[in-house]
Every structure is written in structure tokens, then in C-alpha cells.
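The listed protein sequences correspond, in order, to chains F and R. In my numbering, each residue carries its 1-based index in the first sequence increased by 10. In my numbering, each residue carries its 1-based index in the second sequence increased by 3.
In case anyone wonders, no lab produced these hints; they're calculated from the structure. Please note that a few of the clues may not be correct.
[What the hints assert, rightly or not] For lysine-lysine, the following DSSO-like pairs were computed, each having C-alpha atoms within a straight-line distance of at most 27 Å:
no.	chain 1	residue 1	chain 2	residue 2
1	R	K51	F	K57
2	F	K43	F	K205
3	F	K109	F	K311
4	R	K199	F	K311
5	R	K199	F	K31
6	F	K311	R	K193
7	R	K5	R	K199
8	R	K193	F	K57
9	R	K193	R	K5
10	R	K84	R	K103
11	R	K201	R	K84
12	R	K103	R	K5
13	R	K199	R	K110
14	F	K109	R	K193
15	F	K31	F	K57
16	R	K199	R	K84
17	R	K110	R	K5
18	R	K201	F	K57
19	R	K193	F	K31
20	F	K31	R	K51
21	F	K57	R	K199
22	R	K51	R	K200
23	R	K5	R	K149
24	R	K51	R	K5
25	F	K57	R	K200
26	R	K84	F	K57
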Amino acid sequence: MNFDHTPEQAQLRDAVAAMGKRYGHRYFVEKAKSGGHTDELWAEAGKLGYLGVNVPSQYGGGGGGITELAIVCEELAAAGCPLLLLLVSPAIAATIIAKHGTTGQRERFLPGIADGTLKIVFAITEPEAGSNFHRLSTVARRDGDDWVISGRKCFISGVDEAPLVLVVARTEDAGTGRLAPALFVVPTDAAGLTKSRLEMEIVSPENQWMVYLDDVRVPGEALIGEDTSAGLPALFSGLNPERITAAAMGVGTARYALERASSYVSSRSVWGRPIGMHQGVAHPLAHAAIQVELARLMVAKAAALYDSGRDLEAGVAANMAKYASSEAATLAVDTAIQAHGGNGMTTEYGIATLLGGVRAGRIAPVSREMILNFVSQHILGQDKSY
Amino acid sequence: MKIVVLVKQVPDSGAERNLRSDDSTVDRDSANNVINEMDEYAIEEALKLREAHGGEVTILTMGPERAAESIRKALSMGPDKAVHVLDDALHGSCALATSKVLAAALKTLEPDLVIAGAESTDARGQVLPHMLAERLGAAALTGARKLTVDGATLTIERQTEEGYEVVTASTPAVVSVWDTINEPRYPSFKGIMEAKKKPVQTLSLGDLGIDAGEVGFGGASTAVVEHARRPPRQGGTRVNDDGEGGVKLVEFLVSEKFV
Ligand SMILES: Cc1cc2nc3c(=O)[nH]c(=O)nc-3n(C[C@H](O)[C@H](O)[C@H](O)COP(=O)(O)OP(=O)(O)OC[C@H]3O[C@@H](n4cnc5c(N)ncnc54)[C@H](O)[C@@H]3O)c2cc1C
Numbered sequence: 011m012n013f014d015h016t017p018e019q020a021q022l023r024d025a026v027a028a029m030g031k032r033y034g035h036r037y038f039v040e041k042a043k044s045g046g047h048t049d050e051l052w053a054e055a056g057k058l059g060y061l062g063v064n065v066p067s068q069y070g071g072g073g074g075g076i077t078e079l080a081i082v083c084e085e086l087a088a089a090g091c092p093l094l095l096l097l098v099s100p101a102i103a104a105t106i107i108a109k110h111g112t113t114g115q116r117e118r119f120l121p122g123i124a125d126g127t128l129k130i131v132f133a134i135t136e137p138e139a140g141s142n143f144h145r146l147s148t149v150a151r152r153d154g155d156d157w158v159i160s161g162r163k164c165f166i167s168g169v170d171e172a173p174l175v176l177v178v179a180r181t182e183d184a185g186t187g188r189l190a191p192a193l194f195v196v197p198t199d200a201a202g203l204t205k206s207r208l209e210m211e212i213v214s215p216e217n218q219w220m221v222y223l224d225d226v227r228v229p230g231e232a233l234i235g236e237d238t239s240a241g242l243p244a245l246f247s248g249l250n251p252e253r254i255t256a257a258a259m260g261v262g263t264a265r266y267a268l269e270r271a272s273s274y275v276s277s278r279s280v281w282g283r284p285i286g287m288h289q290g291v292a293h294p295l296a297h298a299a300i301q302v303e304l305a306r307l308m309v310a311k312a313a314a315l316y317d318s319g320r321d322l323e324a325g326v327a328a329n330m331a332k333y334a335s336s337e338a339a340t341l342a343v344d345t346a347i348q349a350h351g352g353n354g355m356t357t358e359y360g361i362a363t364l365l366g367g368v369r370a371g372r373i374a375p376v377s378r379e380m381i382l383n384f385v386s387q388h389i390l391g392q393d394k395s396y
Numbered sequence: 004m005k006i007v008v009l010v011k012q013v014p015d016s017g018a019e020r021n022l023r024s025d026d027s028t029v030d031r032d033s034a035n036n037v038i039n040e041m042d043e044y045a046i047e048e049a050l051k052l053r054e055a056h057g058g059e060v061t062i063l064t065m066g067p068e069r070a071a072e073s074i075r076k077a078l079s080m081g082p083d084k085a086v087h088v089l090d091d092a093l094h095g096s097c098a099l100a101t102s103k104v105l106a107a108a109l110k111t112l113e114p115d116l117v118i119a120g121a122e123s124t125d126a127r128g129q130v131l132p133h134m135l136a137e138r139l140g141a142a143a144l145t146g147a148r149k150l151t152v153d154g155a156t157l158t159i160e161r162q163t164e165e166g167y168e169v170v171t172a173s174t175p176a177v178v179s180v181w182d183t184i185n186e187p188r189y190p191s192f193k194g195i196m197e198a199k200k201k202p203v204q205t206l207s208l209g210d211l212g213i214d215a216g217e218v219g220f221g222g223a224s225t226a227v228v229e230h231a232r233r234p235p236r237q238g239g240t241r242v243n244d245d246g247e248g249g250v251k252l253v254e255f256l257v258s259e260k261f262v
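Please put together the full structure from these sequences, using the hints given.
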């Protein structure tokens, strides 16, 4: 398997890095602290086609794959702008709609996602169903041509920034009476949909929300796919892109932190020479750099497998990449803070501002424990305990 | 309007750069080679003119094989095609010989307007646009911080130490630009993907009717006799404030003729 970058991918990396650096971490933090959003960055990246790299070209996208989207996520994060909604709108929503949407849905939604003028966020998690999404209790029932959806969602990112949310609900199977998942595109201003912001300890311009769906009525064409049978495969198709891009964002964030730390320790001198000369300072950074590079390699592998259609192998690699990246990013940020001494905790130096984000990466979109369960069962052949 | 933009590949000015010990030319092997920064502004200016007045933008590069990367990068910003003058005999060419080669290539392209960066970050001679204008019999509008085109009339604001001069000429002309003229665009993803499909014509010295003896080290009008690394930065003067700090600072500034 060859997952070396093509010249075009290398150029995309340079271009996104150059654009991201013009915004930088200070911009990201300012937006977060003032309650704003990174609209300018999002719009510019959209216009340049960076947000739509993975969207099929007949729908206005770049016709690339998750490899390209992972490059965009990594480089923006490495420039200090880890944008969570990249994992949601272009990675999850665009993939699900491109693979399982009707032609009408593709034509309506993909061009906007591709050029950044439309964000579609994603709601699966419920108060009683996070790691265990078999317990989803949001239900959609048919009423004439319409669907009527009721339930509660939590931790939903970006609901305030997006006109549409892809809601995972269950429908009653007419034949078996069993509940099967189905996905609906729901306007965030639909009658019966309310939201309240969750106070999070993450410095990010992107917010998490509780979403209440109280008999929200949507037309028949809001259902993703021709009928409810599209639900399960659609749901699964979004998982790998989300994990791979989440892992890419973690790697980018870690690179940012290590770069800041490297430049700091080579200029800060405490005992008459740069502290980077002390192995007690340099080795932890070197150790973190190795972990980050290993995770980065796994991201490239997962993306390459996914893009060549080897879905089963891609699933294993995506989980491992996500695990390795979130561990490496947490380590890198923590180590970078330590190397900065007191400055590490200041807003000015822009490292501690990443703590919440990388820490959350060990929980969302899938927790480290659930990945370890996956590896225990599918790689090591152990029985499931739950 | 037919516009040709001159693009040179140079070692990244942000990293350490060296001259080769064997022949005193720029060491490209150990460098990260990029598009000369000022040339990106030239490309941007050409693209803006094409957007406003229509026409065609061609990239012209003289350089070794690996300059093809920079050509592709330049094309990803939006130009239509490129010409790469590539010949082993060109290694070691002086500015005068380079201008001869580029002028010959430009004659085959018959542009209305040639746009170049005001200088390259490796040589910093600022002479090439003038030489080209002379060889082509075209007007030289150099050091522009603003360019306006009205039919065949070109007007620039020529950046000077004190301010600027307004200079007017008609096409054909060679315009060189500073980085004050615009904000170069980032290549879009579509631009990146389309760049590889754009035509790049390779021309040798033979194609241009130039004898190998007229260029390279043999044909060079100048030679690097000797070169040395810049000496390491000196420690500087430290003023400890024992109540007289302010006075000492001013004394230092006076002694260095800063005030
Ligand atoms: C910043 C952020 C953004 C988010 N954005 C979104 C979004 O946009 N849309 C969305 O739908 N959701 C979103 N989420 C929710 C996220 O996907 C869930 O938090 C995550 O899936 C974990 O679910 P939970 O919080 O319910 O934890 P729980 O499932 O309650 O798990 C609690 C703990 O128990 C562990 N655990 C559970 N089961 C097992 C087991 N069998 N074996 C071992 N350990 C186990 C878990 O690993 C975890 O550590 C977001 C969360 C965060 C923090």
C-alpha cells in the first residue's frame, strides 16, 4: 500500500497551512472568548474549495477523498485552528448524503457543504445513549407523507451555526415492529425544535447544545435515502470519515503545541543556556513528537484504506488512528505546557487553551475505552463483556 | 491581453541558504526550493488583469528540472499555461545571459505585457526586468506598487524611498512589481487539481537558437571570485540601569548615529 502524498496533496497541505497561519491560534481564541465563530476562516476555506475536497466534483466539490479532508483538518489545526465542524459537516454529513442520499438530496445539500455556505451538523448522542447508541430513544413516526420526530439529543456541536441538523432517530419497521435507525435532515429552526447551550470547559468557538425535538414535523423527503432501509448503512458510513478527520485534527493540534514548545525551549534560558539543552525538557518533547508522528502515519494509512474502498480494514485503522492521535495530542499539549513553565498556563502563549479540546478528543466522537473494546473483540478475539 | 509572468525557483529565504563550494552557484540540493516570493505578486497582478480585461497568462521559467514543481505551483494559482526553458548548459549563467535566454523565449510568445517580481530573494539584483525591456525594445515600468491598464496604456506607481512616481507607457512593456502591489491568492483545490492538466512547453537552447557557449560559466560576463558566510551576530551592547541607564542609551544611539 502506498500512502505517500501525490504532488497535488502536498500542494493542498502547503496552501491550507499558509491560509491557516494567516488566521492563527490567536484568532481562534479571540472568537472563542468573545462568543463568536470562525466565519471568515470558514468562508475563505470554503471559497478555495478546501472544505469540499471530498465532495464529488459533479456536486461542486473537489472530487478527492478523506485523505484530502484529513490534510485540511490537520493543517488548520497545526495553524492553531482546530475546527470541530470540519468533522461534522464535510466529513459526516457530506459522506452520508453523497453515499446514501437521494439524487435530490445530493443536489440540494452537497454544493453548499462543498463551498462552505451550508453547514449541516449531526445529532446522534442522547442523554441515555452515548457510547451505546443501540439505546437511542428519539423516534420518528410516519404521518401521511410527513415524519414527526420526538426525542432529546445532547452534546450536539454547532447547532447555532447551522441551518440544518442530521438527526438520527428510530422508526418502527412496519413488518417486524422492531425499531431501526433512520436519518432525517431537520431545519434547526423547525417548529418544536428547541436548544440550550451546554457550558463546556473547552476553549472553542464551536459550542455544544442540548436539542429537544417535540413533535417536529418534516416532509417525507427529509428522510435520508429512498426509504428507511438506508438508515443503518448511512449511519455507519459516517463513522470512519469522522474518526479519521478527528484523528487528523488531533495530530495537527499536537504539531502546533510541539512547534510552540520547541521554539520556546530553544530561546528561554533559566541557567544561562536554553532550557531545551536539558534532556529533562527535550526528551519528553521528543517522546511526544514520536507518538504524534506514529499517530500521523496511522491517519494516513486509515485514509488511504478508506479512499481505496477497503472499508473493513479502514475501520480498524480509523479506530487505531483516533485512539493514537487523541493520546498523542493530550500528551503533546501537556508536555508543551510543562516546557513553558508558568507561561504555559497563560492565554498569551496559546497552549493551555488547547487542553479542553485535546482532552475531549479522548471521549468524543468515540471514547478510548470503546476503541479498546473494539480492538479487544475484533483484533484479539475476546468476548464482549457488555 | 497576452501576459507572460516570469517565475524563478529560489531556495526558501526563511531557511538557511548556501552557495556551493565547487562552483559558487546557489546550492539548490540542500534547500527547500520555492517560488520567488515577489513572483507570486506578479502572478496575482496578471490574474487580476486577465479577470478585468480578458486574455491569457503564461508562466515563463528558466531553471533546472526541479523548477517544474514551482511551475506547477504557479499554474495552480490560475495561469493558463507555462514555458520552461530547460538546458544543462544554462547552469552558471549570469544575469546578462539569463536575460538573453528569457528575451528569446519571450519573442516566441509575443506578449503585450511581461510582469516580473522586482527582485529575487537569492540574487537580489533587480536588473533583469530592465535588461529584458532593453532586449525586447519594450518599455520598462519597474518597481511598481500599483498598475492600471487602459487599453494599450499602462500606468504604474513606481515605489521609491521617498514616495512614488507615476510612470506611463504603452504596450509592449515589462513591469516589475513589489510586494506592496496586491495580496496573492492561495491556490484553490480546483486550481491545484487542474494545474497538472495545463500545458507546459519545454524549450532548449537549441529551440531558442542560442549557442551553449553564450550562456553558462563560459558565456558569463561576471564571475564570483570569492564568497564567505556572513559573520555570526555580535553580542551587542548591554546597558545596566544604575540610575544612568537613560543617558547611556542615548549615548549609544548617538555613537551609532541613530539620533
Ligand atoms: C466536545 C464534544 C463534542 C461533541 N459533539 C457531538 C456532536 O456533534 N454530535 C453528537 O451526536 N455527539 C457529540 N458529542 C457526544 C460524544 O459523541 C459522546 O460524548 C461520546 O460518544 C461518549 O458518550 P457519553 O458521553 O454518553 O459517555 P458514556 O457512554 O456515558 O460513557 C461514559 C464513560 O464510560 C465508558 N464506557 C461506556 N461503556 C463502556 C464499556 N462497555 N466498556 C468500557 N468503558 C465504557 C466510556 O468510555 C466513558 O469513559 C460530543 C461530545 C463532546 C465532548
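Hint-by-hint comparison with the structure:
1. K51(R) <-> K57(F): 17 Å, holds
2. K43(F) <-> K205(F): 21 Å, holds
3. K109(F) <-> K311(F): 22 Å, holds
4. K199(R) <-> K311(F): At roughly 25 Å apart (the allowed maximum being 27 Å), K311(F) and K199(R) satisfy the hint.
5. K199(R) <-> K31(F): Given that 27 Å is the threshold and the Cα spacing comes to 26 Å, the pair holds.
6. K311(F) <-> K193(R): 24 Å, holds
7. K5(R) <-> K199(R): Distance ~22 Å between K5(R) and K199(R) Cα, so the pair holds.
8. K193(R) <-> K57(F): Holds - the C-alpha atoms of K57(F) and K193(R) are around 10 Å apart, at most 27 Å.
9. K193(R) <-> K5(R): Status holds; Cα separation ~23 Å.
10. K84(R) <-> K103(R): 22 Å, holds
11. K201(R) <-> K84(R): 6 Å, holds
12. K103(R) <-> K5(R): 21 Å, holds
13. K199(R) <-> K110(R): OK: K199(R) and K110(R) at ~26 Å, within 27 Å.
14. K109(F) <-> K193(R): 22 Å, holds
15. K31(F) <-> K57(F): Status holds; Cα separation ~17 Å.
16. K199(R) <-> K84(R): This hinted pair holds, its Cα atoms lying about 10 Å apart.
17. K110(R) <-> K5(R): Since the Cα atoms of K110(R) and K5(R) sit roughly 12 Å apart, the hinted pair holds (cutoff 27 Å).
18. K201(R) <-> K57(F): 22 Å, holds
19. K193(R) <-> K31(F): With Cα atoms ~21 Å apart, K193(R) and K31(F) stay inside 27 Å; holds.
20. K31(F) <-> K51(R): 24 Å, holds
21. K57(F) <-> K199(R): Given that 27 Å is the threshold and the Cα spacing comes to 21 Å, the pair holds.
22. K51(R) <-> K200(R): 22 Å, holds
23. K5(R) <-> K149(R): 19 Å, holds
24. K51(R) <-> K5(R): The hint holds at about 13 Å.
25. K57(F) <-> K200(R): With a Cα-Cα distance of about 22 Å, the restraint between K57(F) and K200(R) holds, given a limit of 27 Å.
26. K84(R) <-> K57(F): 23 Å, holds
Hint check: no violations occur; every hint is consistent with the structure.
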